[in-house]
Structures are given as structure tokens and as C-alpha cells.
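Peer 1: In our numbering, the protein residues as written are 16 to 156.
Because the hints were derived from the structure by calculation, they are not lab data. From the three backbone atoms N, C-alpha and C, an ideal C-beta is built for every residue, glycine too. Take the hints with a grain of salt, since some may be wrong.
Label-pair restraints from in silico Cβ distances [unchecked claim]:
1) Asp-77 to Asp-137: 33 to 41 Å
2) Asp-77 to Ala-138: 33 to 41 Å
3) Asn-45 to Ala-76: 16 to 24 Å
4) Gly-118 to Asp-52: 32 to 40 Å
5) Phe-41 to Ala-113: 17 to 25 Å
6) Leu-148 to Val-92: 24 to 32 Å
7) Phe-127 to Ala-81: 28 to 36 Å
8) Leu-43 to Leu-116: 17 to 25 Å
9) Arg-134 to Val-92: 24 to 32 Å
10) Gly-64 to Arg-110: 40 to 48 Å
11) Ala-76 to Trp-153: 48 to 56 Å
12) Leu-26 to Trp-153: 57 to 65 Å
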Amino acid sequence: MSAENQAVTLLLRSSAWGMVALALLFLLNNFLIFWMDWPGPLALGAHQGWLGLEPLPQPLADGAIALGWIQIAIICVGLGASVVYSLVTPRVGLRAEADRLSGFVTYFVRAFFGGAVGRLFDALISFLRVEGLLVPLWESR
Numbered sequence: 016m017s018a019e020n021q022a023v024t025l026l027l028r029s030s031a032w033g034m035v036a037l038a039l040l041f042l043l044n045n046f047l048i049f050w051m052d053w054p055g056p057l058a059l060g061a062h063q064g065w066l067g068l069e070p071l072p073q074p075l076a077d078g079a080i081a082l083g084w085i086q087i088a089i090i091c092v093g094l095g096a097s098v099v100y101s102l103v104t105p106r107v108g109l110r111a112e113a114d115r116l117s118g119f120v121t122y123f124v125r126a127f128f129g130g131a132v133g134r135l136f137d138a139l140i141s142f143l144r145v146e147g148l149l150v151p152l153w154e155s156r
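All chains should be built: construct the whole structure from the sequences, respecting the hints.
Peer 2: Structure follows, in C-alpha cells:
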């Protein structure tokens, strides 16, 4: 393989793994922001006055600033890992990498879909219980 082809292959593999990493990091970031009450990179950016973001009505506390920096570090490490993986495995071709990525992404899509379907059934049962519609269904005759 020529040096030019190898560079293009490296770029494509890094981009593909980077997209998968970004999708998973997005989910992790949402978990940290909404369930763990971390500030998030945008709140940190607004606190620091980056990218023309509106300043926060109340500045972040020192602990929240540290958590925001940890989130940014997690994102950088995840994206850096995708590039490092591509650099460490230069002999892997695009077709082999496509098969590997396909299996990896398929596993996560199935897992998240199963989780979402489970949550929908949980919401349905909760709705039926709150509205008193389960009693007629399970009443013994």
C-alpha cells in the first residue's frame, strides 16, 4: 500500500471510530448532565465566556468547574483513543474495519433498543396502574 493510500485509510478509520466514540460520549455526557447533575461542557464554556456563549446567571462553583473540565477531558480522551487505535493497528484494511465497526455498533443499537422498549412497557404499566385500569384486567372472577 502506498503512503498516500495508507494516510487516507488512517484518516477514514480514525473518522469512523471517532464518530462511534462521539455517539457513545454523547450518551455518557447526557447521563452525567441529567442524572449526576454535572454542569456539562456548554455550561463550562458559558462560565468561561468561550465561543460567545451567554454568561450564566449564577457562576459555577469550584467543584462544578472541575466536573466540567473532567467532562471535556473524557471527550478528548475518547476522541484521542479513536486516533491512537487507528495508529496502533495500521495493517487493518477498510473492509475488516467496517466489519468490526458494524458488529460493535450493532451490539450497542440492539442493547439501547432493548432498553428503550423495556422503558416503554414500564411506562405503559405505570400509566395503567395510576389510572386504575389494571384492576379490571387482573381481577379474579
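Peer 1: Using the C-beta atoms of Asn-45 and Ala-76, is the stated range 16 to 24 Å upheld?
Peer 2: With Cβ atoms ~22 Å apart, the hint holds.
Peer 1: Range hint 32 to 40 Å: satisfied by the CB atoms of Gly-118 and Asp-52?
Peer 2: Roughly 35 Å apart at Cβ, these two residues keep to the hinted range, so it holds.
Peer 1: Starting from the range 33 to 41 Å, see whether the pair Asp-77 and Ala-138 falls in it by beta-carbon distance.
Peer 2: Distance hint for Asp-77, Ala-138 holds at roughly 39 Å.
Peer 1: How does the Cβ-Cβ distance of Phe-41 and Ala-113 compare with 17 to 25 Å: does it lie in that range?
Peer 2: Hint holds: Cβ distance 22 Å, inside 17 to 25 Å.
Peer 1: Honestly, do Leu-148 and Val-92 meet the 24 to 32 Å range at C-beta?
Peer 2: violated, 48 Å
Peer 1: Starting from the hint 28 to 36 Å, judge whether the C-beta atoms of Phe-127 and Ala-81 obey it.
Peer 2: Given about 30 Å between the Cβ atoms, the range holds.
Peer 1: Take the C-beta atom of Ala-76 and the C-beta atom of Trp-153, compute their distance, and say whether it sits inside 48 to 56 Å.
Peer 2: holds, 49 Å
Peer 1: Mind checking the hinted window 33 to 41 Å against the Cβ distance between Asp-77 and Asp-137?
Peer 2: holds, 38 Å
Peer 1: May I ask you to test the hint 57 to 65 Å on the CB atoms belonging to Leu-26 and Trp-153?
Peer 2: holds, 59 Å
Peer 1: Just to be sure I understand the hint, the distance between the Cβ atoms of Gly-64 and Arg-110 should be within 40 to 48 Å; is that true here?
Peer 2: Taking Cβ atoms as reference, Gly-64 and Arg-110 lie about 47 Å apart, which means the hint holds.
Peer 1: Are Leu-43 and Leu-116 spaced within 17 to 25 Å by their CB atoms?
Peer 2: Cβ of Leu-43 to Cβ of Leu-116: about 19 Å, so the range 17 to 25 Å holds.
Peer 1: Should the hint that Arg-134 and Val-92 are 24 to 32 Å apart at their CB atoms be regarded as holding?
Peer 2: The hint (24 to 32 Å, Cβ to Cβ) holds, given that Arg-134 and Val-92 are roughly 29 Å apart.
In terms of the numbered hints stated before, the structure departs from hint 6 and from no other.
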